[in-house]
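S.K.: Single-letter residue listing:
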Amino acid sequence: MDVDAVPQEGNRTMGGHRRVMYARGKDGRMVIVPSRGGEVDETVTLQALERIKEMTEEARARVQAGKTSPLEYWMYAQRLDLPQLSQVTGFWKWRIRRHFRPEIFARLPAKILEQYAWVMGITVEQLKRLP
Amino acid sequence: MNVANDKFTHRHAAHCESGVAASLLTHHGAAVSEAMAFGLSSALSFAYLPFIKFAGFPLIAYRMPPKYILKGMLKPFRMRLRFETFRNEAEGTRRLDELLKQGHVVGLQTSAFWLPYFPEDMRFHFNAHNLLVYGKEGKDYLISDPVAEEPQRCETGALQRARFAKGLMAPKGLLYYPESVDRTEVTAEDIRRAIRKTVRIMLGFIPIIGVRGMHMLANKVAKLDPADKLSLNYVGHIVRMQEEIGTGGGGFRFLYAAFLQEAAEITSLPELRALADRMNVIGDGWREFALKAVRMIKGRETFDPGLLAGMLHSQADQETEFFKALKRAIA
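These protein sequence lines map, in sequence, to chains A and B.
In this text, residue positions in the first sequence follow the numbering used here: the first is 1, and each later residue adds one.
In this text, residue positions in the second sequence follow the numbering used here: the first is 1, and each later residue adds one.
If you are wondering where the hints come from, they were derived from the structure by calculation, not from laboratory data.
Among the clues, some could well be false.
[What the hints assert, rightly or not] Per label pair, the in silico range of CB-to-CB distance:
#, chain 1, residue 1, chain 2, residue 2, range
1, A, E54, B, V3, 44 to 50 angstroms
2, A, W92, B, S268, 57 to 63 angstroms
3, A, G25, B, F83, 36 to 42 angstroms
Even for Gly, the Cβ is constructed at its ideal location relative to N, Cα and C.
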């Protein structure tokens with residue numbers, strides 16, 4: 001990549017930051033070029049975020065229909081998925097899946113709710129309902 | 001608490017670990033570039049790990065696993081690097097403060113999700129981020145995060161949170177600092193050894209690593225169902241790992257080209273300069289793959305998994321020839 005090919009159109013997911021790219025200068029030497037990003041990197045980040053948003057909204061609809069607990073909603077909202085939530089809490093996946101059942105979630109002891117809330121960085125009150 | 005190591009200079013880098021390694025060594029008198037740290041630790045690679053899922057997609061990496069670069073610095077620089085992890089979070093913070101008071105610049109492994117200065121859209125649960133702390137002002141740590149252009153600040157509680165994030169590759173409060181750096185120059189033999197190792201990794205026999213891993217990924221891409229919406233997410237995921245996760249572009253290939261140029265001077269092997277140009281062309285090939293994939297994601301071109309797979313196979317073939325040539329050049 002030559003220096004003038006380094007993307008500078010901007011990437012709105014980068015929040016105004018610039019990232020280092022390595023490119024070839026006029027004399028043939030590789031140099032560091034701070035990049036504002038471009039369409040390629042922006043598209044794939046937005047795509048990944050969009051996918052998380054879709055799953056979050058699908059979970060919201062299921063919570064409203066009484067088919068799952070707000071725990072599943074918050075899991076996606078905080079950019080986790082089932083394997084990751086299992087890793088950060090240390091709970092087995094089947095156990096978390098069980099906690100997705102509204103009637104079981106409603107009876108969860110405070111200690112477990114606190115643990116979920118902590119790993120997600122929200123309060124127990126938030127965890128209990130949809131925002 | 002108020003301490004700041006005023007001899008330390010922050011440097012902007014493509015990748016967190018090579019950036020941290022280069023900054024730490026430079027601070028300790030061994031002036032090295034990020035590219036040299038990356039190449040010298042034989043960090044360039046390719047790995048397709050279908051059994052490790054990352055947000056539902058396989059792990060695709062263009063470099064060796066975390067800590068590989070730091071560990072690769074030990075021998076060439078005769079460096080003694082002390083690693084400490086903690087069971088107790090408060091103890092981890094106390095120890096960090098103590099080291100800062102003693103004047104150390106301290107490296108940390110953290111989660112990217114819990115760092116408040118990260119842009120919101122970049123905050124994913126990734127636990128192997130690296131940064132340096134060079135001081136503390138009141139409750140704020142002074143942070144040199146290699147992927148940020150300017151030094152950053154992070155409040156005590158937030159940093160503790162990021163250091164003790166749970167999950168895959170949990171940092172467990174890991175901190176590290178050099179106890180001694182006994183060599184400041186890179187030798188031609190160190191470079192030869194590092195290159196030989198990279199050649200071995202890239203042309204090895206494990207089917208998911210190196211060029212064979214690229215072919216394997218290409219075969220997987222060829223089998224994607226164009227009618228399934230998630231197939232496009234799969235392709236986007238590959239591009240993200242290649243261009244988004246601090247690689248300096250083209251999945252670290254341009255960074256490696258920069259290393260080869262430096263290596264050419266130290267080893268007095270002009271062939272390496274020509275090979276650096278060739279690596280640049282290979283990097284451009286990766287960028288073209290990314291561009292093509294994005295055009296398909298955006299719907300400007302018909303989604304054609306076979307075409308993308310063909311591009312990946314071609315990259316693998318070019319890298320095969322490249323690393324064979326590299327092996328001959330240093331023989």
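S.K.: Each hint should be assessed against the structure and marked as holding or not.
M.R.: We went through each hint and held it up to the structure:
no.: 1; hint: A:E54 x B:V3: 44 to 50 angstroms; result: holds (47 angstroms)
no.: 2; hint: A:W92 x B:S268: 57 to 63 angstroms; result: holds (59 angstroms)
no.: 3; hint: A:G25 x B:F83: 36 to 42 angstroms; result: holds (37 angstroms)
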